[in-house]
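Participant: Okay, here's what each chain looks like letter by letter:
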Amino acid sequence: MNHSQKITSMHLDVLKEIGNIGAAHAATALSDLLGKKIDMRVPKVEMVTFNDMMELAGGAEKVVVGIFLRIEGDVEGSMFFILPIQQANRFIQHLINDKNFDFSSNPIPELGLSAMQEMGNILSGSYLSALSDFTRLKIYPTVPGLSVDMFGAIISIGLIEISEVSDNVIVINTSIFEEGFDNSKEVRGHFFLLPDPESFESIFKALGVS
Amino acid sequence: MISSSSSQVIKVGIAQMDVVKIPNTIRTSGLGSCVGVVLYDETKKIAGLVHIMLPESSLGRTETINVAKFADSGIQALIAMLKLEGVQPFRLKAKIAGGAQMFKFTSDKDTMRIGPRNVEAVKRELKKNGIPIVAEDTGGNSGRTIEFNPATCMLSIRTVNQGVSEI
Chain X
1 MNHSQKITSM HLDVLKEIGN IGAAHAATAL SDLLGKKIDM RVPKVEMVTF NDMMELAGGA
61 EKVVVGIFLR IEGDVEGSMF FILPIQQANR FIQHLINDKN FDFSSNPIPE LGLSAMQEMG
121 NILSGSYLSA LSDFTRLKIY PTVPGLSVDM FGAIISIGLI EISEVSDNVI VINTSIFEEG
181 FDNSKEVRGH FFLLPDPESF ESIFKALGVS
Chain A
1 MISSSSSQVI KVGIAQMDVV KIPNTIRTSG LGSCVGVVLY DETKKIAGLV HIMLPESSLG
61 RTETINVAKF ADSGIQALIA MLKLEGVQPF RLKAKIAGGA QMFKFTSDKD TMRIGPRNVE
121 AVKRELKKNG IPIVAEDTGG NSGRTIEFNP ATCMLSIRTV NQGVSEI
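For the protein sequence lines, the chains are X and A, in the order given.
Last residue of the first sequence: 210 in UniProt numbering, with the numbers rising by one and none dropped.
Last residue of the second sequence: 167 in UniProt numbering, with the numbers rising by one and none dropped.
Honestly, the hints are just simulated from the structure, not real lab data.
Check each hint, because a few of them may be wrong.
[Unchecked claim] No farther apart than 25 Å at their CA atoms in a straight line, the calculated lysine-lysine pairs in the DSS-like style are these:
1) X:62 with A:45
2) A:128 with A:45
3) A:127 with A:45
4) X:138 with X:36
5) X:62 with A:128
6) X:37 with X:138
[What the hints assert, rightly or not] Taking CB as the label site, the calculated pair distances span:
7) X:111 with A:43: 54 to 60 Å
8) A:164 with X:97: 34 to 40 Å
9) X:100 with A:43: 49 to 55 Å
10) X:32 with A:151: 29 to 35 Å
11) A:164 with X:209: 29 to 35 Å
12) X:209 with A:56: 46 to 52 Å
13) A:151 with X:205: 54 to 60 Å
14) X:208 with A:85: 36 to 42 Å
Given the structure is predicted, the values throughout are model-derived calculations rather than measurements.
All residues carry an ideal CB built from backbone N, CA and C; glycine is no exception.
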């Protein structure tokens, strides 16, 4: 499918709404889980080159904590939840009540890893069930995988499927931040939803904009 | 890594390629399942690097293909690029790195095994062109940033947990 040419502003609005609804539910789930106020930015839907994709979370070499899952069913694609190490540390330290926990340690303590894995389950689950309710499409997520590594190495797995048909990727990008954390509103984490090229039509059809 | 202050680091992005001469070095960042293939001529001190994403150009379903994206067409194109620099293909040697499996999944999708498939395809293509692999650091489940210095013909590899090593 030549997905670069058929996307209109109405389509972009629909994709933004998906990011909005999904991430709002995930941010609420995260707030509940942590007992902290988590806010989100208005989603961005962008068509970017693979190399520009690397810049959306600090560059290909930036070390991040990444949750990745594939979605299958009526819509297929890849989903990522990406946190900078420092922010992931804060969340997990709070969650397991251990101030010394650090994703930079080698090996990373098992308890923190399971907590992060569980957080990934909860967040992606709430994002995708909101998406499924909104579109009435069947969406089956795989069990999320966890990796602490360079952003480029993590995100590229989501580009493989797309790279067979395009050199650009349409990314639904929602950023979250923790209110009150060192008084800044710097972006603290990202949800990236990368629908497979064939799935855009299903999404648009389900929402009546095909 | 870099001795001369006037030297530059040529950066190669995902699905891109380039060539380098001394005193410069060539680098690509954040290789996961992708493979970085370095072809070099020791005597001429020239090297090329391609950052491939997929094994076969037959997987491409676009009208115009970006040759650097695939192992087969990427290696061919890099050899052609080096020829233009006056390199004779029979002098070329290879060092390769990448092809990791970043996430462990039980999925029937071939996508999840893309790292090993990329490595296999690179080796097949190099063999076909009679280019020996002098060193490799492939597989595993870590991301890699690699930099090749044509002056020493050494490939330095950085991972998050193991730091920097040279092959």
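Participant: Now look at each hint and say whether the structure bears it out.
Facilitator: Taking the hints in turn, this is what the structure says about them:
no. : hint                         : in the structure
1   : X:62 with A:45               : violated, 31 Å
2   : A:128 with A:45              : holds, 23 Å
3   : A:127 with A:45              : holds, 22 Å
4   : X:138 with X:36              : violated, 31 Å
5   : X:62 with A:128              : violated, 36 Å
6   : X:37 with X:138              : violated, 31 Å
7   : X:111 with A:43: 54 to 60 Å  : holds, 55 Å
8   : A:164 with X:97: 34 to 40 Å  : holds, 36 Å
9   : X:100 with A:43: 49 to 55 Å  : holds, 54 Å
10  : X:32 with A:151: 29 to 35 Å  : violated, 57 Å
11  : A:164 with X:209: 29 to 35 Å : violated, 50 Å
12  : X:209 with A:56: 46 to 52 Å  : violated, 35 Å
13  : A:151 with X:205: 54 to 60 Å : holds, 57 Å
14  : X:208 with A:85: 36 to 42 Å  : violated, 56 Å
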